Each structure stands twice: as C-alpha cells, then as structure tokens.
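S.K.: Those protein sequences? They're chains A and B, same order as listed.
Residue numbers are given in UniProt numbering: position 147 of the first sequence equals residue 147, and the series is strictly consecutive.
Residue numbers are given in UniProt numbering: position 81 of the second sequence equals residue 81, and the series is strictly consecutive.
Don't take each hint at face value.
[Unchecked claim] Subject to a maximum C-alpha distance of 25 Å in a straight line, what follows is the list of computed SDA-like cross-link-like pairs (lysine to any residue):
1. B:K205 with B:N154
2. B:K115 with A:R82
3. B:K115 with A:L206
4. B:K115 with B:R52
5. B:K205 with A:R82
6. A:K16 with A:I177
7. A:K212 with B:I35
8. B:K9 with A:A51
9. B:K115 with B:P90
10. A:K212 with B:V41
In case anyone wonders, no lab produced these hints; they're calculated from the structure.
Remember, it's a predicted structure, so these values are computed and weren't measured experimentally.
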Amino acid sequence: MFDTALSANDLIFLAKGAGMTIFVTLIAVFFGTVLGIVFGIFRYQVGPVIAAPLTFVLDVFRSIPLLIQLVLANAFLGMVLRLGLSGLTVACIVLTLYTSAYCAEIVRGAIESVPQPVRRAARSLGLSWRQDMTNIVLPLAIRVGLPSWIGLSLGVMKDSALVYVVQVTELLKSTQILITRLQEPLLLLMICGAFYFLISFPVARLGGYLEKRWTHD
Amino acid sequence: MFNYTFQWKQALARLPQMLDGAVVTMQVALLSMAIGIALAVVLTLFRLSGSRILSGIATSWVEIARNTPALFQIYMAHFGVASFGIHFSPWTSLLLGITFNNAGYLAENFRGALKAIPDTQARAGRSLGLSELQAFRFIVMPQMLRISFLPMTNQMVWAILMTSLGVTVGMNTDLYGVTQDLNALTFRTFELFAVAAVIFYLITKVIQLGARLLARRMFRY
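So that you can see chain B by itself, here it is in the shape it has in the complex (with noise of 0.2 Å):
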C-alpha cells in the first residue's frame, strides 16, 4: 500500500526506555501541578489582600503567564535566566517554566470560581471569631479548589503535553526527548513518535479517568 517498510518492532523493542522517560514526564507534569497550585492560591490571596503592590503582582504574573507561549516562558527560565548567571538544569527549567504557566491560569480558574462563592460566608465566618486568613482558608479555599476542580483537571491535562516542550531546552529523559534521542539512533521517525503518542494519548485518559473517580469519591454529599 505504501512505499515505505514499517517497522514497529525497532520502536516496540524500545518501549521500556520509552516507559521510563513517561514516567519522568508524569514527575514534572505532577511536582508542577503540586507547585502550581499551591503559587496559585498564593496568588489568588494576593489579589484579595487589597494591596496595590501585591495585586499587581499577581495580575502581572496572571497576564504574562496567559499571553506567551508557554514554550517562552520555558526559554526565558532557561536562557533569559542564564544572563542574570544563574544557568539551572534542563529539568529544573521545565519545571519552572510549566510551575508559572501552571500557577497563572490556574489563578485565573481560582478568580473565577470565587465568584461563585458568596461574600456573606466569609463574612459569616469572620462574625464567628475567624481571622480573615482562617476565614479564606476553612470556608473560601475549599469550595474554591471544589468549583475549579474540572479547570485543575485540564490543566493537568496541558502539563502533562506541556513536557515535551523540555526537549527545545535540552531534556533528554522525558518521553518527548527520550523519543528523540532514539530517533536520531535508528532513524524510525514515525514509529518511534507514534508510539510516544499513544504513550501520551494512554498518559492523558488515564489522568481524565482518575480524575473522574476521584472527583466522585471527594465530592459526594
């Protein structure tokens, strides 16, 4: 049918290493989510404080994280930041470059899942004797992190694909630059990166699944 032998063997033998480089590509995706999050509640209290200097801030941050590539922002942590002499690892600058695009749109979900959530309750709580801090944290936060919980899982979603960016900054363990690395050995170009994509498919809808459940299981009333 076609003019080309296909040989789906040479990528399949390279399956572990391949598996080895997801499960780096989950590491980052996840270490980013976990540090996202919790730079977007900071954030999203920032905004709150009233503050001029710390909303600007966060706006700042919200604004530039949601209107570059995210491919920039991993470029600017790798050689924007080298110019200021300090040079981090690949890994390190995938990590920072995703935790900031994380942390921006993730503010955003935030900002807007706390108009969901009326004043009077942190009012109610603070006539009740909370600070205004324990107040955001035991009655705001957790409806807050409830409402944008389906956000939280696309972005999840977005780190995950995100990853494979590493590779322009010189990642060579996760799935994208593993995949690579193999492809400049062997030359298979579409076998090699059409398994990674079903690796990546797989990755995706095992999260969504996950997600899914666990949404069930913490939500039910």
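With the rest of the complex left out, here is chain A (with noise of 0.2 Å):
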C-alpha cells in the first residue's frame, strides 16, 4: 500500500502547478483589492441609484459559475476579438474581475459601518473628504472589512482551482495529470488537499483571531 511511483521530478511538476496557483491568487488579489476598492467607494459615494449598473455588473459576476465566466471570456477574447491572449492572461483577468466583485461588496459594507455623525464630526472639524477618508473611515473600516476579505483571498486561492479550463496547469490540474499517468489518485490528492489545507488553514486562523480581538475593543 505504501509503495510508490512517485518521482522527484513529479514532485517538482507539483511543485510547479502550487506556484502557478500562488502567481495567479497573487494577481488577482492585488488588482482585484485595487479594483474592489475603487468600485466599493465609488457605489458609496454616488449613491445605490446612480451606482445600479456597476452594481448590476458586479452582481453579475457573483452569480455565474466561475468556471462558465473563465470559458465565455476565452470564447469572447479568443474567438470573437481574436486577441491571441494566453490562458494565463485570461485566468489573471478574469479572477481580478470577480474578486473586485466581491471586494467591492466589503469596501461598501466596511464604509458604511463607520457611523455618519463620525464623519460629520471629522468634516466640521475642517478635514477635507481624502483626510476624513484616509485618517477616521480607513482605521475605522479596516476592522470590519480585513477578517471577510482574508476569507475573500482565499475564497479566490481556492477558486484559482478552476482555471485549468483555460489551459492553465496549476495546482489541481497537475495532481490530475500525475493520477492519469501514476494511478495513485489517493496519495496524488492528499498532498494536494495537504497543500492547500497548509496555506488555508493558518491564514483563516489569523484571519478569525484579528475579528475575535478587534469586535471585542
């Protein structure tokens, strides 16, 4: 049972399928954030009414299959547009996308829980809008959108499963293609569960103590 033909040079093919996993997780997080904040205050500022086709959009995203959102941007930016973008690129832009989509519901709910007469008080004070947002509402609403948005990250690392639909071989991918070749689909997903149960498990833990220590302050 514990006999095995797993080389080193599979690990290394492992290896290789996590880091594409990172790379792409990375990405999406970072423009995703940029991105999500930017739309967040923007839905804040103008308003439910003004804001409701960006809203529509982002929704939009949260309620399609990533995996169908992943192949219609490949069949649209391949075949329609015919770009000759690589999967990779189209992995990174769609994952930004629906993370921003997410992040934005964050930033909006974050905002809206610092209490008005807050701002009210920091504008009568004579701060200006980026002093009110940068110095009272950025301290303020960190602490109720950075627990749901390490949930957020790795909802997406999780996610970036998915992106072997357009030929990306990361993580999930390269375990399948080693249990083609190996037939030992046991072992092979262990260590893929293991891998991805080591990265998940001890941010989710942080993630979980920041919002047990700061709802109790």
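Build the complex: two chains, separate frames, hints provided.
M.R.: In structure tokens form, the structure reads like this:
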C-alpha cells in the first residue's frame, strides 16, 4: 500500500503547479482589491441609483459560476475579438474581476459601518474628504473589512483551481495529470489537499483571531 | 463591429435541452442543501456534546471543507474514494462533494448563530424539565436556523454555482455538462455559454427572491 511510483520529478511538477496557483492568486487578489476599493468607494459615494449599472455588473460576477466566466471570457477574447491572449492572461483578468466584485461589497459594507456622526464630526473639524477617508474612515473600516477580505483572498485561492479550463496548469490540474499517469489518486489528492490546507488554514485562523480581537475593543 | 458572426439561433434552438440541464442542477443543489443542513445540525450537536472525539470529528470536517477547494472535494469523492474500490456515478460524486462542502460551511454559520442565543434559554428549558436534546430541538435550534437564514441563502447560491464543477468528474446532465456537450457538437462556444450564464443568473435571482419572500412569510412576528 505504501509503494509509490512518485518520483522527485513529479514532486517538482506538483511544486510548479502550486507556484502557478499562488501566482494567479496573488495577481488576482492584488489587482482585484485595488479595483474593488475603487468600485466600493464609487458605489458608496454616488448612491444606489447612479451606481446601479456597476452594481448589476458586479452582481453578475457573483451569480455566474466561475467556470462559465472563464469559458465565456476565453471564447469572447479569443474567438470574437481574436486577441490571441494566453490562457494565463485570461485567467488573471477573469479572477481579478471576480475578486473585485466581492471586494467592492466588502469595502462598501466596511465604509457603511463607520457611523455617519463620526464622519460629520471630522468634516466639521475642517478635514477634507480625503483626510476624512484616510484618517477617520480607513482605520475604522479596516477592522470591519479585513477579516472578510482575508476570507475572500483564501476563497480566490481555492477558486483558482478552476483556471484549468483555460489551459493553465495549476496545482489541481497538475495533480490530475499525475493521477492519469501514475494511477494513484488517493496519495496524489492527499498531497494536493494538504498543500491547500496548509496555506489556507493558518491564514483563516489569523482572520478569525483578528475578528475576535477587534470586535472586543 | 466584430469579425465574427454571432449565431444566437443555434444556441436558442438548444434551449429546451439546457433547461432540462438546469432542472438537474437545481435538483442536485437542493438535495445537497437539504442533506447539508441536516449534517450541519448533527455537526453542531457533535461540537456541543463535550466529547473530544465527536467534536474532533466535527472540527476536522469543518476545517477541511472550508480550507480546500470544492473541486478538490468533488475529486476526492470521485477518484479518491475509488481507490478503496467504491465507484460512484458522477451524479453521486457531485452530490457528495457539494454536500460535504455545504455541511462544513453551514456548521460554521450555525456556530456563529449559537453565540447570539443566550445560554440562559437552554438552561431555562432544562429547568422546565426538557431533556438536553429537547432543549436543543425546541429552543435553540429554531432560533439558530432563523439567525442563519441569510447565510443559508448564500450557501444555496454557492451550491448552484458549484454544480458546474460536476463536469470534471464526467457529469453531463447538469446545465454546465449539457452546455459543454452541445459545445462539442456545434462549436458555438460563446453563444451557448452566454445562454447558460443567463440561465444561471436567473436561477440565482429566483432563489434570492424566493428566500426573501419566504423569510418575510416565516419570520413575521
């Protein structure tokens, strides 16, 4: 039972897949967060009526399976516009927009959690909108938003397992390739699952810890 | 405008087949949700039981479900379990994978909801002569389910979206599987998946609207 045909080369192949997972996740989380903050602040500032088109588009990203988003984007960019982008680029674009849709919601919720009187007080003390945003809203809102943002980042890492559909070989896909070759699904899946778990679990715990700490004071 | 001829008719002609797929998608999602809620209640009981083994089982279930991709869980239910000589059909594997995921996430939601229910209520129930299980069943659980109704709606939407992963284990009767098969037949990738996307969007909207109406009807005082 403990015999295995798994060689060092295969482990390197898996590590490359893991590297791809992390790379795609970092790109998507970074740009997605930047976009999400912009969208979130925009939605909060202009009110629900004017922001309705943006709200709708972001809602679409949250209501359609990521797999379909990837296939659609790939077909649209590749077959309709004929841009000739690589699968990795398409995956990064889609995951970034996907992340920004969730992030905008978190940002908006976090800004709304800052009580209006606090902000009015800041403005009447002579702070500009920008100063109010950076010195009053940011420190208060980040306590509400950060735990959910950590959850979102981990969610994106887990969802990045779907980018195989645009020919990006990330961790789960490389595991599957090895399964086809070595016919040892249980061992390989265990390795793959352990990798996701080892990244996700400590970070999730950190998020839980921050949430607990910050809600008490 | 584009150097591409859209052929929506071809996609729309397949709409009946895709709607049949949508029905399968909803069946799997609803079933996984129903079993998932039941399992999550059991996991919550395990956690409350005070037994180290039972709460250990519950905690590892929740942590694995929450910290690995759903696709991994479906693979595990299909290929992983197969190494023990148990072969599930794609439909069963998909259901098992999503149910495992749902139960884990819901159990965590329930734990959050329990914090909002004062201990004194269960104790009052106990002193009125209810057994521990009765106190949970009649006093704690109804409130727990009520508080976590919104997270449950979100999880339901997630379950719908997760059914699209069944295609990786060979499922071809759900909405995504049907669309993929049609795509192999006609090569109208963009048109077909756009239609599928619209159907998915409508399903999630119907669920969210339905949940809102249901909540208004159930939770009025």
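S.K.: Would you list, in rising numerical order, the hints stated earlier that this structure does not obey?
M.R.: 2, 5, 7, 8, 9
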